[in-house]
Amino acid sequence: MGKSVSSAVGTLFVASVIIYGGLSIAPGDPAVALAGNHPTTQQIAAIRHTLGLDQSLPERYWQWLTGVIQGHLGESIQFRENISSLLAGKIATTFLLVAYAFVIVLIFGIGVGLLPSLARRLNGIVTVVLSVGIALPSFIAALILIQVVSLELGWLPVLGTTGGSFASDLKNLTLPAFALAISWSAYVGQITRASIHDAEDADHVETARARGIRPSAVFRRHVVRNAAVPIVTVSALTVAGLVTGTVVVETVFNVNGIGQLLVKSVLAKDYNVVLEISMIFVATFVIATTIIDFVQVMLDPRMKSRA
Amino acid sequence: MSSLAARPTARRLRFPKNGGLGWSGTALVMVLGLVVLVAILAPLVSPYSPTATDVLNVSEGPSPSHLLGTDTLGRDILSRLIYGARLSLLGPLIVVVLSTIGGTALSVSSVWIGGWYSVLVGRVLDLLFSVPSLLVAILAVAFFGAGLTAPVIALSLAYTPYAARIIQSVAARERNLPYIESGELIGFSGWSICLKHLIPNVMSMIRSQATISFGSALLDLAAVSFLGLGVQPPTAEWGLMVSEGEPALLDGQPSAALSPTLTILAVVIMVNLLGDRFDKRSRRLR
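For the record, the sequence lines run as chains F and G. Here the working numbering is used: the first residue of the first sequence is 11, the next is one more, and so on. Here the working numbering is used: the first residue of the second sequence is 93, the next is one more, and so on.
Don't read these hints as lab results, they were simulated from the structure. Every residue, glycine too, gets a C-beta built ideally from N, C-alpha and C.
With the Cβ distance kept under 7 Å, some of the chain F side facing chain G (calculated, not the full set): (1) Gly32; (2) Val258; (3) Thr261; (4) Val273; (5) Val284; (6) Phe295.
Simulated DEER-style distance windows between Cβ atoms: (7) Ile193/G to Met308/F: 37 to 45 Å; (8) Tyr71/F to Leu354/G: 40 to 48 Å; (9) Gln65/F to Pro135/G: 48 to 56 Å; (10) Met295/G to Ala212/F: 29 to 37 Å; (11) Met295/G to Phe23/F: 34 to 42 Å.
Here are the computed lysine to any residue pairs in the SDA-like style, where the Cα-Cα straight-line distance is at most 20 Å: (12) Lys279/F to Phe236/G; (13) Lys181/F to Leu166/F; (14) Lys288/G to Leu277/G; (15) Lys279/F to Gly237/G; (16) Lys279/F to Asn92/F; (17) Lys100/F to Gln88/F; (18) Lys274/F to Gly320/G; (19) Lys13/F to Phe221/G; (20) Lys279/F to Thr241/G; (21) Lys13/F to Gly214/G; (22) Lys279/F to Gln324/G; (23) Lys274/F to Ala238/G; (24) Lys13/F to Leu212/G; (25) Lys274/F to Ala98/F; (26) Lys288/G to Arg265/G; (27) Lys372/G to His207/F; (28) Lys181/F to Gln157/F; (29) Lys100/F to Lys181/F; (30) Lys13/F to Val216/G; (31) Lys181/F to Ala109/F; (32) Lys372/G to Asp211/F; (33) Lys13/F to Val211/G; (34) Lys13/F to Ala293/F; (35) Lys100/F to Leu180/F; (36) Lys288/G to Ala264/G; (37) Lys372/G to Val136/F; (38) Lys274/F to Gly237/G; (39) Lys372/G to Ala204/F; (40) Lys279/F to Gly320/G.
Start from the sequences, fold in the hints, and give me the full structure.
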C-alpha cells in the first residue's frame with residue numbers, strides 16, 4: 011500500500027518538474043505581455059521582480075512547490091486574480107460534468123457490454139454501435155448532439171451554462187456530459203463484452219453449468235467475479251480520460267469549468283494557470299491508477315503477490 | 093521440440109493472395125487508398141481552390157455548383173475537404189511513424205538489454221502514461237505556439253508508451269524462442285538479430301498497433317485544431333473546418349460543420365476496422 015502511494019507521489023513530483031520546467035523556458039516573456047504597450051526596461055524589470063522571474067529556475071520551482079503544498083496557487087496573469095479563487099467554482103462545475111459523464115459511462119458502457127451475453131442475437135448490432143461509438147470523439151459527438159437534440163428536437167439547450175439551481179445545471183450539462191461520455195462508454199462497453207466473453211468461456215464456468223447450477227447463479231458467482239477486474243480497471247481509468255476530455259467539451263458548450271480555462275490560458279500564455287490545471291489532470295490520473303491498484307487486490311487477492 | 097516436428101511445408105506457409113484480409117479488408121484498403129489518392133491529387137480533383145471565396149454564395153446548402161455547399165466565407169466545402177485531407181492525414185501519419193519507431197526502439201532494446209535499462213525504460217513509460225495525450229499536445233502548444241508541428245511532435249511522444257507496451261509484450265515472448273538463441277550461438281550481433289529477425293517477426297503486431305493509433309492520432313489532432321490550438325485559418329483542415337462551421341450549424345446551415353464531421357468519422361471507423369482486421373490476423377499468425 012505504501013509503495014503505490016509513494017510511487018504516485020513520485021510520478022506527480024517528476025511530472026510537475028517537467029511541466030514547470032518546460033513552461034518556464036517557453037518562448038515569450040509574461041512580464042512583457044503584462045507590461046502593456048511600449049514598456050520601459052525598468053517597468054519590465056519591476057514586473058519581473060514582482061512575479062519572481064528574476065530568480066533562478068530551481069528557486070522559483072521550490073517557491074511554487076512549497077506554495078502549492080500550503081494552498082497558495084499564485085496569481086493568474088490574464089485575469090490578475092488569485093488562482094485559488096479563480097479555480098474554486100470552475101473545479102466544482104467540471105467535477106459535476108465529469109461525475110455526470112462517469113455515471114453515463116457506467117450505465118451505458120457496462121449495460122451495452124452485457125447485452126450480447128444476455129441476448130446473443132444482439133451481438134451484431136452491439137458490435138456496430140460500439141465501433142461507431144469508439145470513433146466518436148467528444149467534439150464530433152457534441153456537434154451531432156447539438157444538431158439533433160438541440161436544433162431539430164429542441165429538447166436541451168445548446169449552451170452548458172451553470173450557476174443556477176442544481177436541477178438547471180444538470181439539465182444544461184446533459185448534452186456536454188453525453189458528448190463527453192459517448193466514446194468512453196463504447197470503450198468500457200468493448201472491454202465489458204470481451205471480459206464477460208472470456209469469463210464465460212472458462213473451464214470452471216462450463217463445469218459449474220454441467221453441475222446444474224442455475225444460469226443466473228453461474229453468471230453472478232463465476233462470470234461476473236472474473237470479469238470484474240478488467241471492467242473496474244478500465245472504468246476507473248475512464249475518469250482520467252473524462253477529465254482531460256472536458257477541455258474540448260467545455261469549449262464547445264461554453265461550460266465555465268477548468269477545461270475551457272486551460273485552453274484560454276494556453277492562448278493567453280497564462281502559464282501559472284496552465285501549470286496548475288495540468289497538474290490537476292495528471293493528479294486525477296495518478297489517483298485513479300493508485301485506487302485501481304487497491305481495488306484490484308480487493309477483487310482478486312492473487313494480484314497481491316504479483317504487485 | 094514438438095513445434096519443429098510439426099513444421100509445415102513452405103508451401104503451406106505462404107499467405108493468401110490478398111494478404112489474408114478477406115474481401116472486406118481489401119475493400120477497406122481500397123477505399124482508404126482512394127482517400128489518400130484524392131488528397132495527393134487535390135489540385136487536380138477539387139472543383140475550386142480551398143481558399144477562394146464566392147461572396148455571392150455565402151453559407152449555401154448543397155447545389156450543383158457547390159456539391160456540399162459553401163461556408164460562411166463562401167468557400168467551397170468539398171474543395172476544403174479534399175485539400176484538408178492532406179494535413180488531416182499527414183499529421184497522424186507522422187505521429188504514427190515517429191511513435192512506432194520510438195516505441196519499437198524502446199521496447200525491443202529494453203527486452204534485449206534488460207536489467208537496469210529495462211527498469212529505466214519502464215519508469216519513463218509509466219511517467220509518459222500518466223500525462224494524457226491531449227494534455228501533452230496542449231502543453232506543447234503552450235510551449236511552441238499554435239500550429240501543426242507542436243501537437244504532432246507532442247502526440248508522437250505521447251503515443252510512444254502505448255506502442256512500446258504492446259510491442260514489448262510480444263517482443264519479450266519472441267526473445268525467449270529458440271531461433272533467437274540460435275542466432276546468438278552462431279555469433280550474429282544483437283543489432284542484426286533484432287533488426288533482421290526479431291522485429292520482422294513482431295511486425296504484424298506493430299502494424300495492427302500502428303493502424304489503430306492512426307485513428308486516435310487523427311481524432312486527437314482534429315481536436316487540437318478544433319480548439320484553435322493547431323492548424324490556423326485559412327488553411328483547410330478537418331478539425332478546424334468543424335469549428336469554423338459551428339456558428340453556421342447554430343444558424344441552421346449544417347453542411348459546413350457536418351461534412352468534415354462525417355468525413356472524420358468515416359475515415360476513423362474504416363481505419364479502426366482495418367486495424368481490427370490486422371489485429372485478428374496477427375493473432376492468427378502466432
